[in-house]
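Fit chain G to the known structure of chain R by using the hints.
Protein chains in written order, with our numbering: chain R, 454 to 780; chain G, 454 to 780.
To be clear, the hints were calculated from the coordinates, so they are not data collected in a lab. Warning: the hint list may mix true and false statements.
A pair counts as met if it fits within one copy or between any two copies, since identical chains are not told apart.
What the hints assert, rightly or not - As a list, the in silico SDA-like pairs of lysine to any residue whose alpha-carbon atoms are at most 20 Å apart:
(1) Lys536 - Leu499
(2) Lys520 - Ser764
(3) Lys520 - Val620
(4) Lys536 - Asp514
(5) Lys520 - Arg621
(6) Lys536 - Ala525
Number of protein chains: 2
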Amino acid sequence: MNPRRIAVLAGGVGGSRFVRGVRAAYPDARIDVIVNTADDVTLHGLRICPDIDTMLYALGDGIDPDKGWGRADETWSIMAELKDYRVEPTWFALGDRDIATHLVRTQLVAAGATSTEITAALATRWITDPALHVLPMTDGRVETHVVVVDPDAPSGRRAMHFQEFWVRHHAEPEVLDIVQVGIDDATATQEVSEALTAADLVLVGPSNPVVSIGPILATRGVRPALRATPARVIGFSGILGGSPVLGMAHRLLPAIGVEVTAGAVGRHYGTRRSPGGILDAWVVDSRDEAEVVGVERAGLPTLVVPLLMTSPEATAEFIRAGVEFAS
Amino acid sequence: MNPRRIAVLAGGVGGSRFVRGVRAAYPDARIDVIVNTADDVTLHGLRICPDIDTMLYALGDGIDPDKGWGRADETWSIMAELKDYRVEPTWFALGDRDIATHLVRTQLVAAGATSTEITAALATRWITDPALHVLPMTDGRVETHVVVVDPDAPSGRRAMHFQEFWVRHHAEPEVLDIVQVGIDDATATQEVSEALTAADLVLVGPSNPVVSIGPILATRGVRPALRATPARVIGFSGILGGSPVLGMAHRLLPAIGVEVTAGAVGRHYGTRRSPGGILDAWVVDSRDEAEVVGVERAGLPTLVVPLLMTSPEATAEFIRAGVEFAS
Chain R
454 MNPRRIAVLA
464 GGVGGSRFVR
474 GVRAAYPDAR
484 IDVIVNTADD
494 VTLHGLRICP
504 DIDTMLYALG
514 DGIDPDKGWG
524 RADETWSIMA
534 ELKDYRVEPT
544 WFALGDRDIA
554 THLVRTQLVA
564 AGATSTEITA
574 ALATRWITDP
584 ALHVLPMTDG
594 RVETHVVVVD
604 PDAPSGRRAM
614 HFQEFWVRHH
624 AEPEVLDIVQ
634 VGIDDATATQ
644 EVSEALTAAD
654 LVLVGPSNPV
664 VSIGPILATR
674 GVRPALRATP
684 ARVIGFSGIL
694 GGSPVLGMAH
704 RLLPAIGVEV
714 TAGAVGRHYG
724 TRRSPGGILD
734 AWVVDSRDEA
744 EVVGVERAGL
754 PTLVVPLLMT
764 SPEATAEFIR
774 AGVEFAS
Chain G
454 MNPRRIAVLA
464 GGVGGSRFVR
474 GVRAAYPDAR
484 IDVIVNTADD
494 VTLHGLRICP
504 DIDTMLYALG
514 DGIDPDKGWG
524 RADETWSIMA
534 ELKDYRVEPT
544 WFALGDRDIA
554 THLVRTQLVA
564 AGATSTEITA
574 ALATRWITDP
584 ALHVLPMTDG
594 RVETHVVVVD
604 PDAPSGRRAM
614 HFQEFWVRHH
624 AEPEVLDIVQ
634 VGIDDATATQ
644 EVSEALTAAD
654 LVLVGPSNPV
664 VSIGPILATR
674 GVRPALRATP
684 ARVIGFSGIL
694 GGSPVLGMAH
704 RLLPAIGVEV
714 TAGAVGRHYG
724 TRRSPGGILD
734 AWVVDSRDEA
744 EVVGVERAGL
754 PTLVVPLLMT
764 SPEATAEFIR
774 AGVEFAS
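Looking at chain R on its own, in the form it has when it is part of the complex (with noise of 0.2 Å):
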């Protein structure tokens, strides 16, 4: 198949290595990315929406490369100011390039821009491409909030912003809860959803299913869009050979009682054809191929390819399989 119009549902750094795959299998197709915003964070009187930030840097080469995130060519400065006025949070690394970003938007937001009305202004710098469009799952405001075990606290647990989870804490504690704050007031934009009723074929990134994708098929529309599409929808595994290549989805899983296991995560999803389902296909790599078996007999068809997406010419690989494959 050669899609004309494809709806990517995507978080951050894997999200947008797996975009930049998408247009090189298909290079002259429109693709609607459509970013988690359930980790955005307001620090410093700033505000941060770290997905859709490290989706326009890696899309217009802006990205630091080492990292996967943040600015190339980055300063430090503001940080090491803010450390000698003793001003916390110290833990959230933000350079100057990337404060810049969030000062554009901080005044976006008090003028009183949507965060699609902003997203759209910042991609006027980033992203060159006409037939690329970046666009937050929801105008509404999501926070996603982490409920760890914490033997100092009286009642032994204690909550904190994913950010703090995963950044300060390096995904370390143990996970009792994940709460996504506004989620059930958060609607998707009209972008949203006529990127997901226009395409015809729609991705699901290898991004985590509890704190990225999860939260973009919660946002109000996401899925019952998802099924009623005619287009194909396949998901692609971010768990490969029982552990994510990137992020923490491995300590945020079992909290959702999900096993950290290719399988698993394409059970979770669902096929289409059972209540909630939003898959026509799923693919995993090839280390997880002992996944297929359970997956298949849940009804989801599974495809076995090697999922590193070592450069967008690889990623235009299993995509370009995972999509003959719905065919």
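Leaving out everything else, chain G in the frame of chain R:
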């Protein structure tokens, strides 16, 4: 005389050099520096107090020693980014380190802190001298706007923020009027009133009489306190040989009907023995000896000494001379 407690009225760059001289002259005195806040400005959502910041950076050895304002070892990543985002204004140079100060201030403003409280919080980093206090003249909000000749405007005139006039237009347009928005509601803080009341010596620094010292004097409570204090009030000319050493007073004095001479500025401040006057003595530079007759004829004793602030010691010398002269 050996003062125990000194109140200084001051602006930014020249004011901070003057204060270093005051400390060098009187190592054991308590010094309360009452700083102009009428050229404060909000840019990129950041609350900026140029005179306060210059004072803190200068007294804390954090200032760019060449420019006399801004931070030492400054980086400029954010300005470069804002330019790439095509976000205006770009004429006000904001270094990354400097922006950290504005971020901290902006957050404290949002949290409801007063300008006095914020300055004290920032000063904990910069001012190690326990007997030196930096006080904004008011917790009210004052912004200076300048009305200039603009042949391209339909009315032939245009109003702009003082910082735009000074930094962007280098004080070149002809000034028709100066409007201090908010000055009628600006009241001296309790700390300023107490500093003026408790001082046994008051020094009016050689800062701009129109946009630095002028707004301090126009702040409700300041002029009556200066007229009522039993302490000597001594003024120092910033006009040397017919022009300011720093800044753009020569572009502004004509707009308030004051000649650009050390004598005219002295008469503008006036002797405390005349209605509204604030000074017991006026100190002018050696080059301005011819001005003395006119000022003394107006009832204000005037001393002639070299006024160049080439070092804290040189500044201390003319300050001590002025104080002895007035005693």
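Here is what the structure says about each hint:
no.: 1; hint: Lys536 - Leu499; result: both (17 Å within a copy, 19 Å between copies)
no.: 2; hint: Lys520 - Ser764; result: within (15 Å within a copy, 48 Å between copies)
no.: 3; hint: Lys520 - Val620; result: within (13 Å within a copy, 38 Å between copies)
no.: 4; hint: Lys536 - Asp514; result: between (30 Å within a copy, 17 Å between copies)
no.: 5; hint: Lys520 - Arg621; result: within (16 Å within a copy, 39 Å between copies)
no.: 6; hint: Lys536 - Ala525; result: between (22 Å within a copy, 17 Å between copies)
Consistency note: the structure conflicts with none of the earlier hints.
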